[in-house]
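Bring the two chains, given one by one in their own frames, into a single complex with the hints.
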Amino acid sequence: MQPDLEKENKTGNNRPLGDSDDLWDDSSVIVNIGPTHPAMHGALRMVAKINGETIEKSYCEFGYTHRAKEKLGENRTFHQFVVYTDRLNYCSALINNVTYAMAVEKLMGIDIPPRCTWIRMMCCEMARVIDHLICIGINAVDLGAFSYFLYGFHQREEAYTLIEKLCGARLTTSYTRIGGLFADAPVGWEKEVKAWIIKTRSVIDEMDRLLTTNKIWCDRTRGVAVFDQAMCMKYSYSGPNARAAGIDLDLRRDQPCMFYKDVEFDVPIAKDGDVYSRYMIRLEEIRQSLNILSQCADKIAPGPIWSEDKRVRIPEKSVVFNTMEGLIHHFKFFMAGFDVPSGEVYTTFEAANGELGFYIVSKGAPRAHRMRIRGPSVYHFQGVGPMVQGEKIADAVAALGSINIIAGELDR
Amino acid sequence: MREDWLMLIAELKSRFTSMVEEVRIPGEYSTDVPIFYVKKEGILDVLQYLKTVSGSGYEFLSDITATDEMGGEEKTHRFEVVYQLFSHQRKSRIRVKVRVKENEEVPTAVHLWNAANWAEREVWDMFGIRFSGHPNMRRILMDSRWKGHPLRKDYPLRGYQIFPTPEEPDPKLLE
Chain A
1 MQPDLEKENK
11 TGNNRPLGDS
21 DDLWDDSSVI
31 VNIGPTHPAM
41 HGALRMVAKI
51 NGETIEKSYC
61 EFGYTHRAKE
71 KLGENRTFHQ
81 FVVYTDRLNY
91 CSALINNVTY
101 AMAVEKLMGI
111 DIPPRCTWIR
121 MMCCEMARVI
131 DHLICIGINA
141 VDLGAFSYFL
151 YGFHQREEAY
161 TLIEKLCGAR
171 LTTSYTRIGG
181 LFADAPVGWE
191 KEVKAWIIKT
201 RSVIDEMDRL
211 LTTNKIWCDR
221 TRGVAVFDQA
231 MCMKYSYSGP
241 NARAAGIDLD
251 LRRDQPCMFY
261 KDVEFDVPIA
271 KDGDVYSRYM
281 IRLEEIRQSL
291 NILSQCADKI
301 APGPIWSEDK
311 RVRIPEKSVV
321 FNTMEGLIHH
331 FKFFMAGFDV
341 PSGEVYTTFE
351 AANGELGFYI
361 VSKGAPRAHR
371 MRIRGPSVYH
381 FQGVGPMVQG
391 EKIADAVAAL
401 GSINIIAGEL
411 DR
Chain B
413 MREDWLMLIA
423 ELKSRFTSMV
433 EEVRIPGEYS
443 TDVPIFYVKK
453 EGILDVLQYL
463 KTVSGSGYEF
473 LSDITATDEM
483 GGEEKTHRFE
493 VVYQLFSHQR
503 KSRIRVKVRV
513 KENEEVPTAV
523 HLWNAANWAE
533 REVWDMFGIR
543 FSGHPNMRRI
553 LMDSRWKGHP
563 LRKDYPLRGY
573 QIFPTPEEPD
583 PKLLE
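Protein sequence lines correspond, in order, to chains A and B. Going by this note's numbering, the residue at position 386 of the first sequence is 386; the numbering climbs one at a time, nothing skipped. Just add 412 to wherever you are in the second sequence, counting from 1, and you've got this note's numbering.
One thing to keep in mind: the hints can contain errors.
Computed footprint of chain A on chain B; a stretch qualifies when at least three of its residues, placed anywhere within it, have a C-beta under 8 Å from a C-beta of chain A [claimed, not checked]:
hint, stretch
1, 436–443
2, 520–531
In silico lysine to aspartate or glutamate, EDC-like type, Cα no more than 16 Å apart, as pairs [said to hold, decoys possible]:
hint, chain 1, residue 1, chain 2, residue 2
3, B, Lys-452, B, Glu-433
4, A, Lys-234, B, Glu-471
5, A, Lys-363, A, Asp-339
6, B, Lys-565, A, Glu-74
7, B, Lys-584, A, Glu-56
8, A, Lys-299, A, Glu-192
9, A, Lys-49, B, Glu-580
10, A, Lys-49, B, Glu-587
11, B, Lys-509, B, Glu-579
12, B, Lys-503, A, Asp-254
13, A, Lys-57, B, Glu-433
14, B, Lys-509, B, Asp-555
15, A, Lys-106, B, Asp-444
16, A, Lys-191, A, Asp-298
17, B, Lys-513, B, Glu-481
18, B, Lys-452, B, Glu-516
19, B, Lys-565, B, Glu-481
20, B, Lys-559, B, Glu-579
21, A, Lys-392, A, Glu-56
22, A, Lys-71, B, Asp-566
23, A, Lys-106, A, Asp-309
24, B, Lys-451, B, Glu-433
25, A, Lys-363, B, Glu-485
26, B, Lys-451, B, Glu-434
27, A, Lys-332, A, Glu-316
28, A, Lys-194, A, Glu-158
29, A, Lys-310, A, Glu-325
30, A, Lys-194, A, Asp-298
31, A, Lys-49, B, Asp-582
32, A, Lys-57, B, Asp-582
33, A, Lys-71, B, Glu-579
34, A, Lys-49, A, Asp-309
35, B, Lys-503, A, Glu-158
36, A, Lys-363, B, Glu-481
37, A, Lys-271, A, Glu-284
38, A, Lys-199, A, Glu-157
39, A, Lys-310, A, Asp-111
40, A, Lys-392, A, Asp-142
In short, the hints are calculated from the structure, not lab data. For glycine and all other residues, C-beta sits at the position ideal for the given N, C-alpha and C.
Bound-form chain B, shown alone (with noise of 0.2 Å):
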């Protein structure tokens, strides 16, 4: 397992050198698998690169999510979203974190896993992190009309938002 990470870390940084920000592997640092910090410009590549290039084949989408930093030990960023992937064949799973700033939009995943559609959108609910090229950069949990993003930590933890009325159908989804 631990040979296989070495050549991909080793593999990945090869390729893309300046892309490529920080590597974590278990043992140095508190982890179950290596996270690779790319940079946004980079990641749709690296993302491309792992699912159908590498030997590896980090092919499913486990899951798309995000961490607000704010009051971190580093100032430079304020989010970290974070792709969960997995490899059916090799039973193994590594995880990808880019950094972003407040306001800073972030490349979309859906042309790679339809998949990241929706994980995107909750992102955006919870964080307000944006990512183009999104074909449908809408709220997901909370209603449309909710002011905030309730999973950034500045958030208040009580307070209403209420709506008298649902949500109508939307027909220009439907087209």
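Only chain A is shown next, with the shape it has when bound in the complex (with noise of 0.2 Å):
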């Protein structure tokens, strides 16, 4: 403490501090924190009003990263759109993917072929698994724990080694197509996931023994930043953050798509809405996670991977090297793109961080009428400002790292 500080402070007031250890009790600041912040997940910014360490009023801001993803998907191809998808939860493109290609092709009314489902929801399961490794451990650094995040990275690096194999890209993905994938999975694909769920199993196992029951975990996390079930339903909570507060939905169980009625898995369910239950939370679902990965892993079958839907098939490039039918489809595929029949359909998944929404309006042509994105970090960040309401400026930092704000799926 510096004594000018000190002098200054206790001249010109005579009032009393109400604390003795905090020099800037009963003294309002305005901090500003962000949006370029290291405790700041992305470019986001949080106006706090302090008195003293703890936070009186706060309120939030976005949209730095605004990339005009809505307006994109009005003026591309729903083919063309695909790519944009990656950039909204890029910790978790493929369920993004995924969710996207299932929503065109509920509005066109087609159906997949098995082994594309499976494979999609193995894609789905890993990039849970990654997303929630990245929550759990980025929250770990904010509140000190530095190691246990390096644990979680490395099998993470091992799964995008394993999404590489399959797409060619790590980070964005863009692997789904309308009516099929990019690409089928290589030989023994599913043989590597299998050696990886055993040994992500085994790391999840001790970080949970690492830092599950440590003591100055427990003392900044527990009671934190409580959110509970009533709060949860007015701010539109979903995924983890509900569920850490009692909210008994999943909707890969409550909504089934995709092939999830054919796998066994339990949703796990915590009371106290606080910092821990969040982190719990994640964690036993990234355990449940790799079970159903692992059953698709036994249930994936050689098969074909696209639908036989002509409007939205790609052709083969044998086909279109060599025929000139095959060379004109391919051209006006691409560069005209399919018309999706009239209608409007809001589907929705269970992704990584909650609800992930695609409402697509056609009006019969090959691009949108109208193409919004519900991200869940929107509505979760919304809730932030009542949940930091009288913490400590520190405890909002770990608030904001458990309920995962990711900027590309909130700018959008």
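Here it is in structure tokens:
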């Protein structure tokens, strides 16, 4: 404590200091955190009025990485828009790809073959594991547990290597196509996935032993930034953040799509709604996702990966290079796109963060009339203000990390 | 599922006779869930009813957004504000829509769901539809000095608006 500062605070007003430890008690200061701040996950901004260390009121702002995705959705063909979905939640790009493909397929009434569905499910669950590993890892880094993060990060890199084998890209996958996939999984891929599952299970157990009962971690997270069931409903919380407050809802189980009916998994529920519950839910969900992955790897069988619907089927390269009709078809497909019958659909899927929705309105053209993306982070970020009110400013960092705000799907 | 929807439609039609303009159900119209077109004067009552009173309990607001129907077949309105509702008990969804003209205001749903706050701000930012009674009707994604509403169909696709200074924090929002 600098003596000058003490003097400055005491002269001028004769108010007694409320807390003898806290020099700035009872003096409101406005603190601006972000948009570029290491504690902010992405380009977010939080402006807080703090009294001592306690946040009295705060407001959040975002939009610094707004890329007009919804406008692009109206000006790109349905096929071209696949690449933009990667950049929504970039920690689990595959889930966005799959959900978008599902939405357009629902609008067109296309059924995809079983192998394609199984691969998509495996992609989703692998992306969920990656996303949760990042979330709990970064949350721990923010609170000072750096090595914990590295355990998870190694497995994440291994998972990215598996994804690279699928589609050649690690982060921005663009793996799905309307009615199929960019490429089939290589031979023996599911065996490699199974080896990865076994390794990841042991790493998760190790991470669990390392942090879950750690006294510092418990003190920093238990009872911190509580968001109870009623608040979750008011602020439209979904996914792990809602389940941490006791809302028993998982869209994979309750609104079944793909083959989630055919696999067994549990939906973990906690009741406290604090940072610790959100951490525990994510840790348990990783285990459940690994269970689903392993069941998928058992059930997957060789077969076609493309729907044989003529409207969406991308012609084989051998046909394109050797026949005139194939070349014309290829050219028309990529230059003009395919018409999607008019209608509207709101397709939702349980993404790693919560309810990811695509509201697509088509007027019969190759481009959407409206492409609304409902990112769970938007609604989660809205709750940060009330969540951290009355908490210490250091706990705001813990709260923000625990609800996993991804700027990509927040700003769109 | 279909019986549930038909029951809900009959219930809403009898209770809000003059307010429900049109109902579109899957099968007759290309949609995944029923769409209720409600007059904007009655939207709050209908949402309130769906949220609390109705046995179905559409208590979860999934999303609020809008569509620009400029140049469409119907000349009576320009925008449609879309409410996506979800029932945790029944695991079913419905969609409620309000038709609005340009410069018309829609009553805010913030008092029903706090989540509506940012969603409505985004509709204002992107489409220029105001919500009357909203506590803080300012832009959300774009800069506060931005001109125009980007998701309108007549908004130009090219062009720049550059601001040399960042937005200042607003102390009024912290009171």
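Verification of the hints:
With 3 residues having a beta carbon nearer than 8 Å to a beta carbon of chain A, the stretch 436–443 of chain B meets the requirement of three or more and the stated coverage holds. By the rule of at least three residues with a Cβ nearer than 8 Å to a Cβ of chain A, the coverage given for the stretch 520–531 of chain B holds, with 6 such residues. Annotation: proposed proximity of Lys-452(B) to Glu-433(B) holds, straight-line Cα distance about 10 Å (limit 16 Å). For a cut-off of 16 Å, the pair hint linking Lys-234(A) to Glu-471(B) stands: about 9 Å separates their Cα positions.
Taken as a hint, the Lys-363(A) and Asp-339(A) pair is honoured in the structure, with Cα atoms around 9 Å apart against an allowance of 16 Å. A threshold of 16 Å between alpha carbons decides the hint, and for Lys-565(B) with Glu-74(A) the separation of about 9 Å falls inside it, so the pair holds. Simply put, Lys-584(B) and Glu-56(A) have alpha-carbon atoms about 14 Å apart, close enough for the 16 Å limit, and the pair holds. Proximity of Lys-299(A) to Glu-192(A) is assessed by CA-CA distance (about 15 Å); at most 16 Å being required, the pair is judged to hold.
Between Lys-49(A) and Glu-580(B) the CA atoms are separated by roughly 15 Å; this keeps the pair inside 16 Å, and the hint holds. Taking the CA atoms of Lys-49(A) and Glu-587(B), the gap is about 9 Å. The hint holds against a cut of 16 Å. Restraint check: the Cα-Cα separation between Lys-509(B) and Glu-579(B) comes to about 34 Å, which exceeds 16 Å; the hinted pair is violated. Note on Lys-503(B) and Asp-254(A): the hinted pairing holds, with a Cα-Cα distance of about 6 Å set against a maximum of 16 Å.
Straight-line distance between C-alpha atoms of Lys-57(A) and Glu-433(B) comes to about 42 Å, which puts the hinted pair past the 16 Å bound. For a cut-off of 16 Å, the pair hint linking Lys-509(B) to Asp-555(B) is broken: about 28 Å separates their Cα positions. For the hint linking Lys-106(A) to Asp-444(B), the alpha-carbon distance of about 9 Å falls within 16 Å, and the restraint holds. The straight-line distance between the Cα atoms of Lys-191(A) and Asp-298(A) is roughly 9 Å, inside the 16 Å bound, and the hint therefore holds.
Distance check on the hinted pair: Lys-513(B) and Glu-481(B) sit about 10 Å apart at the alpha-carbon level, within 16 Å; holds. Restraint check for Lys-452(B) and Glu-516(B): satisfied, since their Cα atoms lie roughly 10 Å apart, inside the 16 Å limit. Simply put, Lys-565(B) and Glu-481(B) have alpha-carbon atoms about 8 Å apart, close enough for the 16 Å limit, and the pair holds. Proximity of Lys-559(B) to Glu-579(B) is assessed by CA-CA distance (about 15 Å); at most 16 Å being required, the pair is judged to hold.
The hinted pair formed by Lys-392(A) and Glu-56(A) meets the criterion: a straight-line CA distance of about 9 Å does not exceed 16 Å. At most 16 Å may separate the alpha-carbon atoms for a hinted pair to count; Lys-71(A) and Asp-566(B) meet this at roughly 12 Å. Of the pairs offered as hints, the one joining Lys-106(A) and Asp-309(A) holds, with about 13 Å between alpha carbons and a cut-off of 16 Å not exceeded. For the suggested pair Lys-451(B) and Glu-433(B), the alpha carbons sit about 7 Å apart, so the restraint of at most 16 Å is met.
The hinted pair formed by Lys-363(A) and Glu-485(B) meets the criterion: a straight-line CA distance of about 11 Å does not exceed 16 Å. At most 16 Å may separate the alpha-carbon atoms for a hinted pair to count; Lys-451(B) and Glu-434(B) meet this at roughly 10 Å. Among the hinted pairs, Lys-332(A) with Glu-316(A) is consistent with the structure: their alpha-carbon atoms are about 14 Å apart, no more than 16 Å. For the suggested pair Lys-194(A) and Glu-158(A), the alpha carbons sit about 12 Å apart, so the restraint of at most 16 Å is met.
About 14 Å separates the Cα atoms of Lys-310(A) and Glu-325(A), which keeps this hinted pair within 16 Å; it holds. The hinted pair formed by Lys-194(A) and Asp-298(A) meets the criterion: a straight-line CA distance of about 9 Å does not exceed 16 Å. For a cut-off of 16 Å, the pair hint linking Lys-49(A) to Asp-582(B) stands: about 11 Å separates their Cα positions. Between the alpha carbons of Lys-57(A) and Asp-582(B) the distance comes to roughly 12 Å, so the proposed pair stays at or under 16 Å and holds.
Taking the CA atoms of Lys-71(A) and Glu-579(B), the gap is near 24 Å; set against the 16 Å cutoff, the hint is violated. Of the pairs offered as hints, the one joining Lys-49(A) and Asp-309(A) is violated, with about 58 Å between alpha carbons and a cut-off of 16 Å exceeded. A distance of roughly 36 Å separates the Cα atoms of Lys-503(B) and Glu-158(A); the hinted pair therefore is violated under the 16 Å criterion. This hinted pair checks out: Lys-363(A) and Glu-481(B) have alpha carbons roughly 11 Å apart, not beyond 16 Å.
For the suggested pair Lys-271(A) and Glu-284(A), the alpha carbons sit about 14 Å apart, so the restraint of at most 16 Å is met. Pair hint Lys-199(A) plus Glu-157(A) holds up; C-alpha atoms about 13 Å apart against a cutoff of 16 Å. Of the supplied pair hints, the one linking Lys-310(A) and Asp-111(A) holds, its CA atoms being roughly 12 Å apart against a limit of 16 Å. Between Lys-392(A) and Asp-142(A), the direct Cα distance comes to roughly 15 Å. Compliance with the 16 Å bound is thereby established for this hinted pair.
Checked against the numbered hints given earlier, the structure breaks hints 11, 13, 14, 33, 34 and 35 and satisfies all the rest.
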